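Go ahead and model the full structure; you've got the sequences and the hints to work with.
Chains as they are written, first to last, in UniProt numbering: chain A, 1 to 314; chain B, 1 to 314; chain C, 1 to 314; chain D, 1 to 314.
No lab work stands behind these hints, which were simulated from the structure alone. Here the structure is a predicted model, which means the values were calculated and not measured. Where is the CB? At the ideal position from N, CA and C, for every residue including glycine. It is possible that some hints are incorrect.
SDA-like mimics (lysine to any residue), calculated; alpha carbons at most 25 Å apart, straight line [said to hold, decoys possible]: (1) C/Lys230 <-> B/Pro240; (2) B/Lys230 <-> C/Pro240; (3) C/Lys307 <-> D/Ala181; (4) A/Lys307 <-> B/Ala261; (5) C/Lys230 <-> C/Thr192; (6) C/Lys230 <-> D/Leu185.
Just a sample of chain C residues kept apart from chain B, beta carbon distances all over 10 Å, derived [as the list claims (entries may be wrong)]: (7) Gly120; (8) Gln255; (9) Glu265.
Where chain A lies over chain D, by a calculated footprint (3+ residues, C-beta under 8 Å) [as the list claims (entries may be wrong)]: (10) 197-208; (11) 228-235.
Protein chains: 4
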Amino acid sequence: MIDSVRLAVVGVGNNTSALVQGIAFYRNTGSLVGLHRPEIAGLGVSDIDVVAAFAMSDRKVGKDLHEAIFMPPNNFPRLDTELPPAGVTVRRGLVDSTEVERVAHALEGAEVLLYSAPSGRPDTARAYAEAALTAGVAFVNTTSDPVARHESLLARFEEARVPLLGDDLASQFGTSVLHHALLRLIEERGLTLGSSYQVNLGGTEDFRNLVENPNTKKQSKLNALGSSGKVQMAPLAYMPHLRSHKIAHLNIEAQGWAETAVSVEVRLQVHDPSGAAGVNIDLIRLAAIALRSGRGGYPAEAASLLKSPPGTAI
Amino acid sequence: MIDSVRLAVVGVGNNTSALVQGIAFYRNTGSLVGLHRPEIAGLGVSDIDVVAAFAMSDRKVGKDLHEAIFMPPNNFPRLDTELPPAGVTVRRGLVDSTEVERVAHALEGAEVLLYSAPSGRPDTARAYAEAALTAGVAFVNTTSDPVARHESLLARFEEARVPLLGDDLASQFGTSVLHHALLRLIEERGLTLGSSYQVNLGGTEDFRNLVENPNTKKQSKLNALGSSGKVQMAPLAYMPHLRSHKIAHLNIEAQGWAETAVSVEVRLQVHDPSGAAGVNIDLIRLAAIALRSGRGGYPAEAASLLKSPPGTAI
Amino acid sequence: MIDSVRLAVVGVGNNTSALVQGIAFYRNTGSLVGLHRPEIAGLGVSDIDVVAAFAMSDRKVGKDLHEAIFMPPNNFPRLDTELPPAGVTVRRGLVDSTEVERVAHALEGAEVLLYSAPSGRPDTARAYAEAALTAGVAFVNTTSDPVARHESLLARFEEARVPLLGDDLASQFGTSVLHHALLRLIEERGLTLGSSYQVNLGGTEDFRNLVENPNTKKQSKLNALGSSGKVQMAPLAYMPHLRSHKIAHLNIEAQGWAETAVSVEVRLQVHDPSGAAGVNIDLIRLAAIALRSGRGGYPAEAASLLKSPPGTAI
Amino acid sequence: MIDSVRLAVVGVGNNTSALVQGIAFYRNTGSLVGLHRPEIAGLGVSDIDVVAAFAMSDRKVGKDLHEAIFMPPNNFPRLDTELPPAGVTVRRGLVDSTEVERVAHALEGAEVLLYSAPSGRPDTARAYAEAALTAGVAFVNTTSDPVARHESLLARFEEARVPLLGDDLASQFGTSVLHHALLRLIEERGLTLGSSYQVNLGGTEDFRNLVENPNTKKQSKLNALGSSGKVQMAPLAYMPHLRSHKIAHLNIEAQGWAETAVSVEVRLQVHDPSGAAGVNIDLIRLAAIALRSGRGGYPAEAASLLKSPPGTAI
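Below, the structure written as structure tokens:
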């Protein structure tokens with residue numbers, strides 16, 4: 001029997017809620033539904049024990065993890081599965097790099113640190129990475145802040161034989177994945193793209209943050225969709241009533257034989273945090289396996305799960 | 001300068017209208033829009049001269065091809081491009097196999113015979129194939145009637161070094177292509193398919209034929225979408241006002257992480273005959289190239305353009 | 001405090017399931033959500049006691065009503081509300097008119113008989129109406145079988161001072177209601193309708209019956225949408241996985257100023273049996289009130305709830 | 001034979017392009033398609049002669065009106081109808097109130113001044129109204145700037161027996177009209193609204209102006225949809241490739257019987273300037289008729305065509 005991964009998490013938002021509830025769900029039900037990789041090198045999706053958690057909000061710090069994940073502004077639904085206390089009390093996260101030692105100390109016993117805080121605070125992200133490196137814990141950066149793209153930091157993880165996975169999680173099934181697949185299909189079949197647009201509506205705190213700081217993310221999304229200039233993104237629309245749902249409207253206008261019109265209209269509805277958890281579950285296991293086998297730095301097998309791996313533009 | 005392909009066509013319906021209007025369109029404009037393969041071995045999409053055409057309807061027989069393609073029930077639109085008389089008078093097609101010789105004679109000088117009549121008359125399809133074989137003309141079967149899947153017939157084409165391409169055209173961009181790509185994407189990303197449906201509405205004569213003889217085609221479509229039993233097809237709906245447009249509504253309900261729901265709704269609108277012409281233009285050129293290089297029988301390079309190549313079930 | 005209506009029902013299908021579960025739901029919760037008329041002459045939606053029920057299926061006959069409503073092929077969901085035994089055992093329904101007396105006897109104590117069996121059996125419908133008349137019980141015909149449109153029968157109800165409400169329930173919110181409202185809006189605003197279509201998908205037993213006997217209902221729907229010839233209905237599509245959901249795709253193509261195009265695409269999703277129950281609850285109360293005040297025959301206040309009131313074509 | 005209305009226009013944007021092209025279209029074709037009121041008191045939609053036009057752009061001033069309407073950033077399509085020179089040279093519009101006299105002079109011979117400039121310049125709007133009043137010409141304010149809601153100004157028009165119609169045009173068929181009708185239907189049928197959203201995408205200069213100054217218009221739209229707080233508007237999305245098309249995605253989530261779900265998804269596509277022209281054509285005729293019959297001030301018969309008539313909040 002393989003040992004469970006001992007996981008620490010930074011950030012107790014919707015994505016962490018989806019992750020820890022899902023781990024319990026799969027453990028309780030034995031279901032394999034919705035899983036990209038039910039097993040990786042013998043590790044199932046339930047072979048994960050959370051051993052530490054960090055958050056900033058007074059609503060969450062000091063609470064048991066399985067209670068903290070339901071505190072506002074979290075709005076991922078409570079799944080219909082038993083969820084006893086985790087036995088892990090949420091600790092206060094670090095505010096600046098003077099606290100690296102404290103966090104490193106708290107990471108003792110962990111194998112993987114999943115960094116799942118809001119994007120937009122690169123110094124914080126790197127301080128946690130330093131703490132993980134100090135503690136010999138593999139680091140997974142799910143945010144768009146550059147950590148694994150930071151060359152000298154990556155070199156130090158390599159040297160220390162500690163895995164560093166990042167940056168920026170590619171959702172299991174989100175707007176980008178679907179839009180990209182459709183544009184690729186149009187091209188493969190020899191149609192000529194005329195125009196395309198994408199409208200995204202969401203209700204999570206992450207989404208609200210994006211609405212208030214739209215530029216980076218929008219640019220990154222457009223890059224992902226090709227630089228033809230023919231794909232337009234509407235401003236993101238934050239609608240609290242959607243809670244953890246994301247809704248996207250996609251339109252593609254193309255031309256086929258003799259320039260006759262082809263139109264594709266799509267409406268996608270997903271739970272945003274589920275898309276994140278479905279990929280985090282693989283990143284965590286890949287990180288643990290790399291650590292256990294003494295491979296430091298960036299493991300190539302994580303590449304398809306990340307939007308901005310080492311070497312891409314910051 | 002490469003010689004143009006000398007093409008004969010059986011069937012002067014919408015698909016032929018789209019094909020010959022498109023050839024003129026690309027010749028007149030130099031456009032490369034909407035083309036899967038602008039050139040195949042030096043042959044552009046306009047390097048095709050129609051030298052013979054066969055039809056059954058009194059409205060079409062005896063008329064110049066460029067006039068006949070606009071006769072009802074054809075309803076593919078008149079493209080905005082100059083279309084002088086073709087100089088080819090539509091001949092009466094064959095009724096039974098006693099007329100093979102007559103047709104073979106009429107095919108003299110042709111290199112490729114594109115069989116683009118309505119599906120559902122396998123004897124007729126094979127009679128034209130015999131005529132093509134007699135005349136040493138490559139045969140392209142775009143219908144679902146078994147011709148290339150007919151082993152002994154295929155063997156005779158091989159022996160005679162005459163190409164035989166078939167059966168059943170896969171549209172350049174139709175409901176099946178799109179639905180299949182979406183179901184594959186769902187699977188690739190690790191989601192679990194819950195249910196899916198497809199509704200097709202169309203206004204062409206071909207579509208009306210399918211509505212009246214739904215079983216074969218529906219089964220063939222379902223086969224194409226996988227045998228999971230989770231994909232349902234609504235009865236085809238013939239709506240004359242749609243003319244040569246086809247509209248499809250697709251729905252996919254899937255489950256992701258922790259069995260949370262993912263919904264995809266799609267509306268597709270295409271010109272059905274354009275989807276056929278965009279593939280016929282490649283089949284014709286592949287057939288001519290094989291003939292010119294002395295390769296008989298089924299050319300492997302046509303495989304991706306056909307739904308039921310030799311060896312698949314009849 | 002007003003006396004509750006003593007209700008008998010014929011048919012223990014999805015519509016009856018939605019009705020009796022809903023009555024319990026509103027009683028348990030006090031909710032007023034989704035109600036067209038919370039009160040009619042002092043009667044709330046929970047002021048109804050079922051006192052008799054008739055069905056044909058061996059799966060239902062002999063069971064308590066609150067158990068029978070969950071027997072297949074019923075597939076309306078089990079609502080999240082307490083539902084103790086009804087104390088009413090489902091009786092076997094009548095097969096022919098020789099049993100009118102038996103049913104009339106069983107109706108003693110009831111005020112209203114809701115006829116909610118499958119459409120398409122007019123003789124059965126009228127036999128139950130005879131039983132109701134004999135017992136002095138108001139009769140509500142929710143099917144498209146002609147009962148209230150049967151002049152001599154209506155006359156006898158009038159004479160006996162027994163209310164007769166029918167025929168054919170107009171859903172609280174279904175495809176027809178929505179399509180009609182949109183077409184009316186197009187007209188009111190001065191747009192000119194070009195074309196319109198309607199596609200209906202459903203998964204109930206009622207829906208399956210319609211698919212197998214499409215003509216009458218389709219015609220009746222088209223009549224409801226106006227006889228312009230511009231509104232097309234796709235064949236109904238029975239898809240069991242939809243269970244009690246109905247999905248409709250509507251399209252309207254119109255022309256505005258200078259004949260420029262206006263397009264409206266709609267997707268509607270509803271629970272079919274809820275649409276029926278939401279209207280039955282009003283018909284039942286109207287019937288009881290008319291009976292209690294000694295008004296026989298057809299009460300004008302029911303007109304907007306019925307598709308084929310007395311006087312319309314059979 | 002009734003005399004044609006002698007019309008002056010301020011603003012030579014898309015709305016004016018749609019108006020003057022449409023007048024020519026209906027005159028040339030005799031079509032009655034897409035018209036709310038083919039005739040008003042004997043005035044057909046073609047019984048209008050433009051006698052003066054004002055614009056600010058160097059691209060338009062000095063050109064014949066029928067040439068100026070196609071200058072960028074105008075992007076309403078060129079209709080397929082003959083459009084000889086109008087014989088009206090576009091004049092430079094006024095910059096401030098010192099030019100009222102010049103404009104009043106230029107209005108001599110006109111009966112109606114249609115103010116169709118961009119919203120957001122109330123001083124300019126009122127200066128033109130002053131000029132119209134001076135010249136005895138009826139004034140129609142299609143912008144959201146307060147003119148008819150300006151009490152003392154309205155009083156002076158009344159006194160002078162000059163009609164003043166405004167403010168803010170209600171489109172013949174736009175997002176608000178459709179959304180409002182659907183919400184009203186939900187309510188009429190007794191469903192309970194849960195949530196609703198509206199996404200608008202457009203490509204006109206007017207739309208770009210709204211995107212850059214979103215607050216007022218968004219508020220005004222929300223007011224129009226009721227103040228329940230359940231209707232959300234996504235930020236407007238300016239997408240130049242849409243040209244004069246507007247696309248809206250509407251969603252309505254409601255609850256019916258026993259709180260079961262009802263979902264309505266709508267996609268609307270219209271030509272924005274057609275929606276304006278289809279109402280302007282009525283306002284112009286109502287203004288002329290009022291003027292000819294000596295009725296000054298605000299004519300009640302215009303009420304349904306305006307969003308903010310006299311008395312509503314500024």
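For each hint, the structure was consulted:
1. Restraint check for C/Lys230 and B/Pro240: satisfied, since their Cα atoms lie roughly 11 Å apart, inside the 25 Å limit.
2. Of the supplied pair hints, the one linking B/Lys230 and C/Pro240 holds, its CA atoms being roughly 11 Å apart against a limit of 25 Å.
3. Note on C/Lys307 and D/Ala181: the hinted pairing holds, with a Cα-Cα distance of about 22 Å set against a maximum of 25 Å.
4. A hinted pair counts as satisfied when its Cα atoms are at most 25 Å apart, and A/Lys307 with B/Ala261 qualifies at roughly 24 Å.
5. Taking the CA atoms of C/Lys230 and C/Thr192, the gap is near 11 Å; set against the 25 Å cutoff, the hint holds.
6. Distance hint between C/Lys230 and D/Leu185 is fulfilled; the C-alpha atoms sit about 23 Å from each other, no more than 25 Å.
7. Against the 10 Å criterion, C/Gly120 stays outside the reach of chain B, whose nearest CB is about 20 Å from its own CB.
8. No beta-carbon of chain B comes within 10 Å of the beta-carbon of C/Gln255; the shortest separation is about 14 Å.
9. Interface exclusion of C/Glu265 from chain B breaks down, the closest Cβ pair being 7 Å apart, not more than 10 Å.
10. Remark: the stretch 197-208 of chain D is confirmed as covered by chain A, as 3 of its residues place a Cβ nearer than 8 Å to a Cβ of that chain, reaching the required three.
11. Counting residues of the stretch 228-235 of chain D whose CB lies closer than 8 Å to any CB of chain A gives 4, so the stated coverage by that chain holds, three being the minimum.
Of the numbered hints given earlier, the model fails hint 9 alone.
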